[in-house]
Amino acid sequence: MAETTTTTPVAGDDPPRPDGPSRTDDSRTDGSRTGDSPAYGVLGDSLRTYRMVAAMWIRSTMAYRVSFALTLFNSFCVTFFDFVVILLMFGQVKGLGGFSFAEVAFLYGTAGTAFGIADLTMGSLQRMGRRVRDGSLDTFLMRPAPLLAQVAADKFALRRFGRVVQALLVLVWSLFLLDVDWTPVKAVLLPVTVVCGAVIFGAVMVTGASALFWLQDAAEVTNAFTYGGNTLLQYPPTIFAQELVRGVVYVVPLAFVSWLPALYVLGRPAPAGVPDWAAFASPLVALVCCGVAGLAWRAGIRSYRSTGS
Amino acid sequence: MLRLYATVAAGGFRRYATYRVATAAGVFTNSVFGLVLSSTYIALWDERPHLGGYSVDDALAYVWIGQALLTVCGLMGGGFEEELIERIRTGDIAVDLYRPADLQAWWFSANAGRAAFQLLGRGVAPMLIGALVFGFTLPSGPGGWAAFLLAVALGSVVGFALWYLVAMSAFWLLDGQGVMQVAWLAGLFFSGMLLPLNVFPGTLGEVARMLPWASLLQVPADVYLGRYEGRELAGAYAFQACWALVLLAAGRAAQALATRKVVVQGG
Chain A
745 MAETTTTTPV AGDDPPRPDG PSRTDDSRTD GSRTGDSPAY GVLGDSLRTY
795 RMVAAMWIRS TMAYRVSFAL TLFNSFCVTF FDFVVILLMF GQVKGLGGFS
845 FAEVAFLYGT AGTAFGIADL TMGSLQRMGR RVRDGSLDTF LMRPAPLLAQ
895 VAADKFALRR FGRVVQALLV LVWSLFLLDV DWTPVKAVLL PVTVVCGAVI
945 FGAVMVTGAS ALFWLQDAAE VTNAFTYGGN TLLQYPPTIF AQELVRGVVY
995 VVPLAFVSWL PALYVLGRPA PAGVPDWAAF ASPLVALVCC GVAGLAWRAG
1045 IRSYRSTGS
Chain B
23 MLRLYATVAA GGFRRYATYR VATAAGVFTN SVFGLVLSST YIALWDERPH
73 LGGYSVDDAL AYVWIGQALL TVCGLMGGGF EEELIERIRT GDIAVDLYRP
123 ADLQAWWFSA NAGRAAFQLL GRGVAPMLIG ALVFGFTLPS GPGGWAAFLL
173 AVALGSVVGF ALWYLVAMSA FWLLDGQGVM QVAWLAGLFF SGMLLPLNVF
223 PGTLGEVARM LPWASLLQVP ADVYLGRYEG RELAGAYAFQ ACWALVLLAA
273 GRAAQALATR KVVVQGG
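In order, the protein sequence lines correspond to chains A and B.
When we follow the numbering used here, the leftmost residue of the first sequence carries the number 745, and every step to the right adds one.
When we follow the numbering used here, the leftmost residue of the second sequence carries the number 23, and every step to the right adds one.
It is worth saying that the hints were derived from the structure and are not from the lab.
Please note: incorrect hints may appear among the correct ones.
[Stated by the list, open to error] Residues from chain A that keep clear of chain B, each with C-beta distances beyond 12 Å, as calculated: (1) Ser790; (2) Val822; (3) Val829; (4) Val837; (5) Pro888.
[As the list claims (entries may be wrong)] Output of the computed footprint for chain A on chain B, the stretches with three or more beta carbons under 8 Å from beta carbons of chain A: (6) 186-197; (7) 233-247.
Just so you know, these numbers come straight off a predicted model, no measurement behind them.
We put the beta carbon where it would ideally sit given N, CA and C, even for glycine.
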């Protein structure tokens, strides 16, 4: 799996980094000479940058193959052990908060897959604090490429793919175990949920990274919402305090990552007095989250001052 | 010589004390995780009271002890091995080996200072928050606290010894990421961070309770909960001390082998 994903981008792009510093804005059009689609918006530009930087890091990782194999295996296991805990719990009990094993596995799979995708693509953002502190972010700012894409792809870790695979396997397994009345709506809602969930998690990561422009050492706060949120979403909302559930619906909208749509698929009522149509609000929430993250990021960049040493 | 190591330890303490925002961020994250885990434990113990011999209040105390000791005992990374591995990879380790101090003792002292700070900075606050929110079991009197602190100190030594051994592997593998993460994984699972080891079923539980990682959280937590008395308490300490000695000796052996056989990186 890893091999195929690595070799494709490596073959295509020759220069791994955008060329030297001090280039004017029209260097963007210059960039199109590599032969991709000529019309670049900011998004296209970002994607291209992201792909190039990520491909470079993948090649660099492949220099230590034993280590890569171990880390990929490990990433798979970390999440698997997460799941072992649930298995161990259900070795002792028949239901948790009124939810069966298959239902908890479904919650685990949806939240885990969404988080895994976000972690794979945006997880490097939490390392940005170091770059702000030591001033190496300056190098990134000099390059004629979107900063967010550069930072997000910085030290791109393909090993995180293990997390996605593991969560996806649990999700598929739970689908076999579950006894759900599938309707076309539910069948469409499931993949949409996973994608929107990943976007919401990604937006949280970007917002958290924006705070690093001011508080370089506060990266761990983001973990509370990303890793902590992922753990929270793996369990049924019935076992948590209602204030906590309301918090992840109305304040940090993590409930839209998987809980609300997943509960709809399972045919259970939404928690904490949330209206039922909220199960379909994930795309909208994801969009709003991206807006907030974008604003936070802009504010962050504007206030950036190098270390100046 | 002892003064040197005391200075190094004090330096380790001060170094981590400098990063106040990071400490506050850590306390926040530990508390959020404590909150989430507490809810799952309450649900679990609700279904099965006295699971693993713990009452709900004991289980909740366990959760918050885990959050408090996370960095102190190196449950998910010792906090120093990344730096040591980087020094090995870049070849800076050669400078360390020139110093008129023992490599392992140097890092041991620095780590002791770090652990002491993190016990105060990142241990006390989550415990307080957890105790206020959930009102879990507290040790019986100052004697109970003292016994707990000794177990934590021993646990942190075992934690250091484990991570030092991990860092030594970088002499051969250069990129320590893989081994580090496997160790991270083992620590996460076998320390009882995810679920108390006495809830693990059958043989898995028995094996897990014999492994060195049990010294990091399970033993200190059981000492805290007053599950050991007299002789048994001494036995629990002996268990930790044995693993500490064995692992420190292994670390020394690896270090000796590495410094004799391995060509240092660098240019």
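Non-interface label on A:Ser790, tested against every C-beta of chain B at 12 Å: Non-interface label stands for A:Ser790: nearest chain B Cβ at 27 Å, farther than 12 Å.
May I ask you to check that A:Val822 keeps its beta-carbon over 12 Å from the closest beta-carbon of chain B? 6 Å, violated
Between the stretch 233-247 of chain B and chain A, see if three or more residues pass the 8 Å beta-carbon test, and mark the coverage as holds or violated. violated (count 0)
Quick one: work out the minimum CB distance from A:Val829 to chain B and report holds if it exceeds 12 Å, violated otherwise. About 5 Å separates A:Val829 from the closest Cβ of chain B, which leaves it inside 12 Å; violated.
Is A:Val837 truly not at the interface, in the sense that its beta carbon sits beyond 12 Å from all beta carbons of chain B? The claim breaks: A:Val837 does not keep its Cβ more than 12 Å from every Cβ of chain B (closest is about 4 Å).
Taking a Cβ-Cβ distance under 8 Å as contact, does the stretch 186-197 of chain B have three or more residues in contact with chain A? With 3 residues in contact (Cβ-Cβ under 8 Å with chain A), the coverage given for the stretch 186-197 of chain B holds.
Distal placement of A:Pro888 relative to chain B, Cβ over 12 Å: 31 Å, holds
When each numbered hint is compared with the structure, violations occur for hints 2, 3, 4, 7.
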